[in-house]
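Undergrad: Each chain, written out:
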Amino acid sequence: DGGITQSPKYLFRKEGQNVTLSCEQNLNHDAMYWYRQDPGQGLRLIYYSQIVNDFQKGDIAEGYSVSREKKESFPLTVTSAQKNPTAFYLCASSIQDGNTIYFGEGSWLTVV
Amino acid sequence: GQQLNQSPQSMFIQEGEDVSMNCTSSSIFNTWLWYKQDPGEGPVLLIALYKAGELTSNGRLTAQFGITRKDSFLNISASIPSDVGIYFCAGLMMIKAAGNKLTFGGGTRVLVKP
Chain L
13 DGGITQSPKY LFRKEGQNVT LSCEQNLNHD AMYWYRQDPG QGLRLIYYSQ
63 IVNDFQKGDI AEGYSVSREK KESFPLTVTS AQKNPTAFYL CASSIQDGNT
113 IYFGEGSWLT VV
Chain D
37 GQQLNQSPQS MFIQEGEDVS MNCTSSSIFN TWLWYKQDPG EGPVLLIALY
87 KAGELTSNGR LTAQFGITRK DSFLNISASI PSDVGIYFCA GLMMIKAAGN
137 KLTFGGGTRV LVKP
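Protein chains in written order, with my numbering: chain L, 13 to 124; chain D, 37 to 150.
Honestly, the hints are just simulated from the structure, not real lab data. Quick reminder that beta carbons are idealized off the backbone N, C-alpha and C, glycines included. One should not assume that every hint holds.
Taking beta-carbon pairs under 8 Å as the criterion, some of the chain L residues facing chain D (in silico) [as the list claims (entries may be wrong)]:
1. Gly28
2. Pro51
3. Asn111
4. Thr112
5. Tyr114
Below, in silico cross-link-like pairs of lysine to any residue (SDA-like), each with a Cα-Cα straight-line distance of 20 Å or less [said to hold, decoys possible]:
6. Lys137/D <-> Asn65/L
7. Lys87/D <-> Ile107/L
8. Lys137/D <-> Thr112/L
9. Lys149/D <-> Asn65/L
10. Lys137/D <-> Asp66/L
11. Lys137/D <-> Ile107/L
12. Lys21/L <-> Lys106/D
13. Lys69/L <-> Lys87/D
14. Lys149/D <-> Ala73/L
15. Lys21/L <-> Gly76/D
16. Lys137/D <-> Gly70/L
17. Lys87/D <-> Asn111/L
18. Lys137/D <-> Tyr22/L
19. Lys137/D <-> Ser77/L
20. Lys137/D <-> Lys21/L
21. Lys137/D <-> Ser79/L
22. Lys106/D <-> Glu74/L
23. Lys21/L <-> Glu117/L
24. Lys87/D <-> Thr112/L
25. Lys137/D <-> Ala73/L
26. Lys137/D <-> Gln62/L
27. Lys21/L <-> Val80/D
28. Lys21/L <-> Gln39/D
29. Lys137/D <-> Tyr114/L
30. Lys137/D <-> Gly54/L
31. Lys69/L <-> Lys137/D
32. Lys21/L <-> Glu77/D
33. Lys106/D <-> Gly54/L
34. Lys137/D <-> Ile63/L
35. Lys137/D <-> Val64/L
36. Lys137/D <-> Ala43/L
37. Lys137/D <-> Gln108/L
38. Lys137/D <-> Asn111/L
Using the sequences plus the hints, can you model the full thing?
TA: Following this line, the structure appears as structure tokens:
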């Protein structure tokens with residue numbers, strides 16, 4: 013099946029820990045994105061990457077880090093510096109300069 | 037970042053009713069996208085609009101890209117129970133050397149009338 017795969021679906025983090033959310037796509041898309049969604053809210057952009065080995069901060073990048081070593085993979089690390097990490101995280105992708113963006117099924121992160 | 041004003045925030049539907057929602061912005065967008073999100077799932081693309089004035093249908097869904105490029109609406113005709121969910125508008129601005137920037141509205145939560 014073609015698509016965007018996020019894992020894990022549910023993740024619990026202890027305070028002070030870093031955790032990494034995986035996002036893999038087999039759509040041959042150049043651009044990938046990470047969004048955060050809080051309950052009852054819209055989506056906010058954390059980081060995005062247009063090409064391999066390059067990425068830019070979105071609107072709420074503080075406390076997060078990403079890498080783009082392979083075209084199909086764009087993992088997001090939620091660091092201990094992110095003070096309120098409990099949220100639903102969505103990965104997305106598009107062709108470069110494409111005007112349609114597709115989403116994965118999301119990952120729930122909860123701090124315990 | 038930029039904000040899109042989406043309204044209504046929530047609405048109740050009865051089966052068979054038509055539903056309308058809209059988004060407005062102070063900024064111009066190149067593309068308007070409408071998504072539906074079920075609880076705990078990622079948004080699914082419903083309709084994409086690429087030109088000002090464009091009116092596009094997808095089954096019972098109809099959406100329009102406002103002529104000023106600052107607004108869009110989505111209509112759902114003859115609603116059915118599975119139309120329940122959260123609908124998001126999103127404006128896309130393609131910025132050379134910076135990539136596509138997608139700005140989301142706050143969502144319209146569609147619920148079934150008790």
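Undergrad: Among all the numbered hints in the text so far, which are the ones the structure does not match?
TA: Going through the list in order, the structure violates hints 1, 2, 9, 12, 13, 14, 18, 20, 22 and 28 and respects the others.
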